[in-house]
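*Asks:* This is what each chain is made of:
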Amino acid sequence: MVDRATTTEPAHTVPPDVAEGQVTFTLDGRQVTARKGEMLIAAAERAGTFIPRFCYHPRMKSVGVCRMCLVEVSGPRGASLQPSCFVEVAEGSEVTTDSDKVKKAQDGVLEFLLINHPLDCPVCDKGGECPLQDQTLAHGPGETRFVEEKRHFEKPIPISELVLLDRERCIQCSRCTRFAAEVAGEAQIDFIGRADQLEINIFPGLPFSSYFSGNTVQICPVGALTAVPYRFSARPWDLDQVESTCTTCSVGCRVAVQSSSNRVTRLLGIDADPVNHGWLCDKGRFAFESVNSEDRLTEPMVRKAGRLVTVSWHEALDVVADGLRAATKKSGGPGGVGVIGGARLTNEGAYTWAKLAKGILGTDSVDAQLGDGLPAEVVLGLPRATIDEAVGADTVIVLSGDIREELPVLFLRLRSGIVDGDLSLVELSPQATALTPHAAVSLRYLPGAATELAKAIADHGAPAPATADPTDLAEARRLAGADKVVIVVGRPSLAEDGALVAEAVQVLARALPKATFLPALRRGNVMGALDMGLSPGLLPGRVGLEPGRQWFTQAWGKVPDERGLGTTEILESAGGSTGGEGARTDKPHRNGARVRALVILGADPLTDFPDAGMVRRALAGADFVVSVASLPGPLSAHADVVLPVAEAHERPGTTTNIEGRISRLGQKLVQPGQSWPDWMIAAELAVHLGADLHLDSVAEVWDEIERLAPAYRGITRSVLDTPGATDGVVAPLTVTAVAFSRRPGSAPLDPIAFPGVESVEQQGAPPRAGLAGARTAGIAANAANAANGSKGAPEVGAGTSGDAAVTNQPPQLAGPFEITVPRVVPTDSYSVRLVASRRLYDRGAAVDAVPVLAGLIPDSPLRVNPHDLDDLGIGTGGNVKVRTATTSLVLVAVADPSLPRKVVATDFNVPLAEGTVADLIDATAPVTELRLETP
Amino acid sequence: MPVTGAPKIITGRIGHADSHTLERYLATGGYDGLRKALAMTPEAVVHEIDTASLLGRGGAGFPAGRKWAMLRQSPVTYLVVNGDESEPATFKDHLLVERDPHQLIEGVLIAAYATQVSQVFIYLRGEFALGLERVQAALNDAYSHGAVGNDIFGSGFSVDVVVHPGAGAYICGEETALLESLEGKRGFPRIKPPFFPAAIGLYGEPTVVNNVETMSNLPWIVLNGGSAFAALGEGRSTGTRLFALAGHVNRPGVFEIEMVKTTFRDLIHAPVLGGGIPHGRELKAFIPGGVSAPWFGPDEIDLPLGQDEVADAGSMLGSGSVVVMDDHTCAVRASWRITKFFARESCGQCTPCREGSGWLEKIMERIETGNGREDDLDLLLDVCDNIAPGLTWPPQQTTICVLGPSIPSSIGSAIQMFRDEFLVHIKEGGCPYG
Ligand SMILES: Cc1cc2nc3c(=O)[nH]c(=O)nc-3n(C[C@H](O)[C@H](O)[C@H](O)COP(=O)(O)O)c2cc1C
Ligand code: SF4
Ligand code: SF4
Ligand code: SF4
Ligand code: FES
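As you go down the protein sequences, you meet chains A and B in turn.
If you number the first sequence the way the working numbering does, the last residue is 935 and the count never jumps.
If you number the second sequence the way the working numbering does, the last residue is 434 and the count never jumps.
Simulated from the structure, these hints should not be mistaken for lab results.
Quick reminder that beta carbons are idealized off the backbone N, C-alpha and C, glycines included.
Possibly wrong hints are sitting among the right ones.
Unchecked claim - Here are the simulated distance ranges between beta carbons: (1) 145(A) <-> 234(B): 41 to 49 angstroms; (2) 421(A) <-> 344(B): 37 to 45 angstroms; (3) 145(A) <-> 5(B): 52 to 60 angstroms.
To be verified - Here are the simulated lysine-lysine pairs, DSBU-like style, with alpha carbons at most 30 angstroms apart: (4) 150(A) <-> 104(A); (5) 558(A) <-> 329(A); (6) 192(B) <-> 103(A); (7) 362(B) <-> 104(A); (8) 185(B) <-> 61(A); (9) 150(A) <-> 340(B); (10) 340(B) <-> 185(B); (11) 455(A) <-> 902(A); (12) 362(B) <-> 150(A); (13) 61(A) <-> 103(A); (14) 155(A) <-> 340(B); (15) 61(A) <-> 484(A); (16) 484(A) <-> 455(A); (17) 362(B) <-> 155(A); (18) 101(A) <-> 362(B); (19) 185(B) <-> 150(A); (20) 881(A) <-> 902(A); (21) 304(A) <-> 329(A).
Extracted from the complex, chain B is given alone in its bound form:
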């Protein structure tokens, strides 16, 4: 039973070529969720989301309803939507933004109503050229339709939404760096604690930051009720979730899957999903939740796609990206590539992240290109330890944001799982995979 019969909660519309238009959206029940929400009290809407147990889809998996409840009372509050999606192999929000912008906007409006926010910013990755165009066009149409702006659908509730393009820095996906960037400053994450965005956020005002996918779930939840959502999945991981499948699979792509009920094996091998590994090769390892996540090997392939289940096994679902590596993959090169990404994308504020990422990348490069030394493995692990002491999961942090302690994940996994491969690189002075 690889794929459940769960409804397509957020990808139901994308089969249509014109899924991004207001006409198609309205023809498929668009903005009904918003109308329904506006007829409810904000508290009742929050209650539905709580009941749904909607976990944030941006990476940390924090329950959306709880986050909203933490919003400090204040005359000015903001909702900021995080669409900066820049992690390698993560492209699920990309799909939602391009293919169903109205669903995102409707979700945003529901969240704004539930939290009684009157100003929303949708921060989109700058490279999403088509996505930016479509969200902006959809927003304009939604304004004309009376769904955004003053006195929405005559309900008396008003909210303005502004779309803001990022300028090409991965770190601006980290919510506090995103807020700095929105304020026109450098994308340097803010130190938390003491202040989280819900207390001191954009322009110093209380702010809710939620992911694009998190928002896109809201119309369905309001229309169908929180318990319908909670009936899907299991435990804390309810509903469906998008997984961006990449790497050595026959059918890479974005799949909406009921949580927990489906396993990594299903995702990778089911004919309607990943469709298996090409050329009949064997699975070597896979990354279950983006480049920050520790790797899994073939032994973990039957783990269910559930937040706690994956966490208990020592990794995370993170950004919703699953990367498959077949047995022809060089583990050293793969983790070098990931480290290189962090070494370019560290914002540079904190010493361990700024210097550690670059150093690790240089050591990895040396090993991969045949200049490794015997004690490099100890050195790698010790440098990793100085960034994330103890190399535990979840990691301990010596830095301002979690990008820092994410750096060692791939190296730690690769060394732990494929130590011999490293030694071969060092002894033979190069990469055995050529």
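Here chain A stands alone, though its shape is the one from the complex:
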């Protein structure tokens, strides 16, 4: 608990170096300068005078309701008490915050707040980090004069699966309702009643289902709102807290990870100015339960006689090494091994795996994306925008999936740019999204025809697609011509080849040469994985295989001979001619080699890949499957070896978000059992392959990344260590790029605005030693053995030390590129095109292993244009039969007028009435066409 009256930190939301007009006023007798238009409470705080408050929140509009912040302000009719959160600083005004009158008013408000407050602090989750408690201690009366019966409400009532409400504790500050209405844009909670019966509640029968509900729990200045997963689980003073980055998606929100007895107890948002403004989505906030899961894999396992049995790491890695060697040999080249996944790795893990795969094994068939992203060159080669630049642009063009479902806090930021700022949104999408109501224009396109729409925007002479309204198109052209344009690019549908979207993006990139781009690729550290080269044709640091060949050969000793396969092709190749459901037999494979061994890094293609049939064929067809995982998923049943890996909060390192922002991951937990950090598994596997990566600690990995990966050049550990870099550093470093977004020397901790985040531990750059930071004794011993030659001559290449002076850094990718785009040939005029979109809560591991979230996974219907539904004679809610060349499902159809005719949509990786959408998608086809029939 801090005494806010005496220890004050300057407000962080208003930069002191303000360009606009300044105002000078007198604060308790001192001359103070503030920005014109700034609220008194913030100006005073920056000047070191903390004015107590409850309803004021630096990230929301002032309402001036709690009246805790009353101070005396001079005016034409003398000084009067004014709410300092609602009064702008005025030139020459005199402000008194410490007079008897002010003190009496503030004490009075506190006393009023306490008369009906239950004061059940001993059993209240907020106790110990409660702004009411803290400010009462600092300002409040010592004892109560209230002898009457306090207000009573039923304690507590659930207002969603995640949030409980205790109305007796509520002080009616409206932080939660303002968050819901203003920030999230969903007024699902509001006041009801009047006077001292004023209460927060939901609307009858409608739960507080917002994806952002946890934020209200965090900013509630009392314990009125509590989170189901945290309730009664700890007292705040017993918790360790370390600052880190959420890796549930690639927005990279900054978090305080709080833990006790080697378990995460909760995650709280940290107000990182360039990224999340303190907000988190509920998935990111609550997904930590999967880390605590009882089901965590704790020991390496190898399949023996059909069953996975626990073995030592040594044995497991020997089996892996043998399996990979065998596959290489059988396929006649390194292309016999395919490596899939990597978005759950740290940058250090991704680099180490890339070095192992490309530098030791020599395979380029490596892909961190699971057929759900975009061609990596295109993404990495586009000039990058930051989130702030997107929010502050004139126009943002969004060609991606529903951002609220995929990158939730980016949705909040963009929405705020539109609602609170001057940002105009042009949306290109096959269906309506959560952003559609905020769009200046939302243009529809037929799956497969994004390029046609992009051309129509880029070129006034180009024909307008039938799906786009001409007036809207004209407006889109006008907005695209604005000065500052940022284009957000992602994957609108998993049933549409990413290359088709990439082509449209390149059309826009060529037509709008000043535009910058924000990738909307969703998976945790997918951007870091791609930056580290976990993609065919790429090497670390946003470098192409050919341009980087010399540089990395010099550093690593070897790089792949030719471009390898992406995930879809790897799976297709692995599936080979084994037959089974709808297999296309003996398709020639690029560079000849059939993939026979699959190394799957922290992913499960059985749930994550769009084409389920292809995955099943691949797993059946592959000779050898290695799964590096933290939880047993469906994949375990098919794996020959399972290697347990450390999870978020158990490993130090860095991660890279959609902006290219590199931030530090905090480590507070010991990984369970025998699991290892990601980088270490690769490093030791190298030893078992008879090689040495010369990477002995996370710090060494980082140092090598900084030295070798051009886009990361200059981002040394000491740069990452600077206090100003706690919000991360955007790569590549430009001259001015180490943006010290936070006040030097301290974190932006405002425990009144974001209760619970206090004195959070800052871990610096990746450590050299320490828990999970250093190599195991096993690696050292093996390395010694390898050095003694006991393992025999290296078979698959040995790295040379990277210490040799390196010259001629290769150039970073710079698009636009020529990419191979499949041709879309409509099957027939009866077929409809499928859109497969993502939902925040799906059957992915981050949700499925988290009990409170798993219950929120929705059942998805098939959305159909109402006219198409009419033509079928099916009413909304009726059954429809959906047929592909190989399968058919009976689904529930609902009318969705946002869809163009002949387009149907449903959601990926969530239950349908029958099967999943992955049963319908053919990943080799550019678009998925279906026939709708009455069942």
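Given the structure of chain A, go ahead and fit chain B with the ligands onto it with the hints provided.
*Replies:* Chain B with the ligands alone, transformed into the frame defined by chain A:
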């Protein structure tokens, strides 16, 4: 000379049983004021109202002409008529709404023309069932008559008027809460400053909010000239005003009285007005301007019914409600009753008002029911002080709207005037009046 010979400016018609009909209205000079106004320039109409020195009749007494002049220039502006009248013992607008709806509409149209507003909302208290019916019917008739709508009386001026019922919250009479309510939101008053409705009002557009009675004066002023109105009354308080007289009087009711020229004694005792206190009892105290106003005692009975005169004596004419308490009235119970009203009607936004009103009510209840404590009087005054620091008149405010600082008025008065009565309650463990 208890009652002056001043003309009945706004109640002249209500003697007729059919005073609410268009026929009666037209037969008694109805809509002539509007015709006359439409022939004038809007500026000339505003000038007449300025000359009349018509003070707002809704409570704050702000000059109507000045308020109109403050309306920010904007392509869209609104006029909103406040007919939410929900204060206990205040029922003067009720009379105007039920008995002379056309006069209200004509006034509204004149104001709309003067301020060049093309959309008006008349917000009426939801419980005014008959009033709502009559105003709506009158409005329909006025539309048919060509007095409302497009191109009124061929003048080229057009305005639409919509009647909107409130949903039963006193706070929606506060003009910014009223605007929120009209917008379909909770009736939470908005913070002023910085923005008053004349700058940012309904749907964010500049808006004039005026009371029903204020509006009802306009036809007469336009027809007879601002100076004729200003010739009545004295000082800033010109013309006549309606007073709703209630409590211990023989003839409770609404009376139209020339301002300043008449005193509280006249209002309470004149045979044609209040007709005196029943049962020959003595006057104990009276509330001069609604439950928000500090009380007066017998010593103030000769004060004239003038805005500044009453203000100088430490209270206000407020909502135009005068409540008389005879010497059998328990001051504790009376102020408890008023406090209870505020404790139910506070919108609950601001801490001092939300919590303070309830707390005060609970203390008052304790004292009245015999559970008072010695230090309760100090506690009451200190809690009051935390809502309205200094307990001055006019009060200092720690809250968003003036409902908050209105809460202490009755308690402050009662303690100041009848401290002994409180002590008796406390010492004897109950109410001496039974
Ligand atoms: C709590 C509260 C309740 C009010 N109720 C009413 C009301 O019922 N009718 C009314 O005309 N004014 C009411 N007012 C005053 C209005 O806010 C506003 O001053 C008035 O409508 C302006 O009209 P006027 O200038 O014509 O008097 C109330 C004010 C407060 C603070
Ligand atoms: S629930 Fe919490 S945040 Fe919401 S109004 Fe009550 S005290 Fe404020
Ligand atoms: S938006 Fe993404 S990074 Fe932010 S909290 Fe949610 S899952 Fe985590
Ligand atoms: S003073 Fe009372 S009624 Fe007025 S806004 Fe505040 S809480 Fe609501
Ligand atoms: S009124 Fe200013 S902080 Fe609540």
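*Asks:* So, for every hint listed, does it hold in this structure?
*Replies:* Cross-check of the supplied hints:
A hinted range of 41 to 49 angstroms for the beta carbons of residue 145(A) and residue 234(B) is consistent with their spacing of about 47 angstroms. The given range of 37 to 45 angstroms is respected by residue 421(A) and residue 344(B), whose C-beta atoms sit roughly 42 angstroms from each other. For the hinted restraint 52 to 60 angstroms between residue 145(A) and residue 5(B), the CB-CB distance of approximately 56 angstroms keeps it satisfied. Distance restraint check for residue 150(A) and residue 104(A): the Cα-Cα separation of roughly 23 angstroms lies within the 30 angstroms cut-off, and the hinted pair is therefore satisfied.
With a C-alpha separation of about 18 angstroms, the suggested pairing of residue 558(A) with residue 329(A) holds against the 30 angstroms cut-off. For the hint linking residue 192(B) to residue 103(A), the alpha-carbon distance of about 23 angstroms falls within 30 angstroms, and the restraint holds. A C-alpha spacing of about 22 angstroms is found between residue 362(B) and residue 104(A), which places the hinted pair at or below 30 angstroms, so the restraint holds. Of the pairs offered as hints, the one joining residue 185(B) and residue 61(A) holds, with about 18 angstroms between alpha carbons and a cut-off of 30 angstroms not exceeded.
Our distance criterion of 30 angstroms between C-alpha atoms is met by residue 150(A) and residue 340(B), whose separation comes to about 16 angstroms. With a C-alpha separation of about 25 angstroms, the suggested pair residue 340(B) and residue 185(B) falls inside the 30 angstroms cut-off, and the hint holds. For the hint linking residue 455(A) to residue 902(A), the alpha-carbon distance of about 22 angstroms falls within 30 angstroms, and the restraint holds. As the CA atoms of residue 362(B) and residue 150(A) are separated by approximately 11 angstroms, the hinted pair is consistent with the 30 angstroms bound.
Annotation: proposed proximity of residue 61(A) to residue 103(A) holds, straight-line Cα distance about 25 angstroms (limit 30 angstroms). For the given pair, residue 155(A) sits about 26 angstroms from residue 340(B) by alpha-carbon distance, which is consistent with the 30 angstroms threshold. Annotation: proposed proximity of residue 61(A) to residue 484(A) holds, straight-line Cα distance about 26 angstroms (limit 30 angstroms). Only pairs whose Cα atoms come within 30 angstroms are accepted, and residue 484(A) paired with residue 455(A) is accepted, the gap being roughly 20 angstroms.
For the proposed pair residue 362(B) and residue 155(A), the alpha carbon gap of about 23 angstroms is at most 30 angstroms, so the pair holds. Annotation: proposed proximity of residue 101(A) to residue 362(B) holds, straight-line Cα distance about 26 angstroms (limit 30 angstroms). For the hint pairing residue 185(B) with residue 150(A), the CA-to-CA distance comes to about 29 angstroms; that is within 30 angstroms, so the pair holds. Of the supplied pair hints, the one linking residue 881(A) and residue 902(A) holds, its CA atoms being roughly 15 angstroms apart against a limit of 30 angstroms.
Pair hint residue 304(A) plus residue 329(A) holds up; C-alpha atoms about 22 angstroms apart against a cutoff of 30 angstroms.
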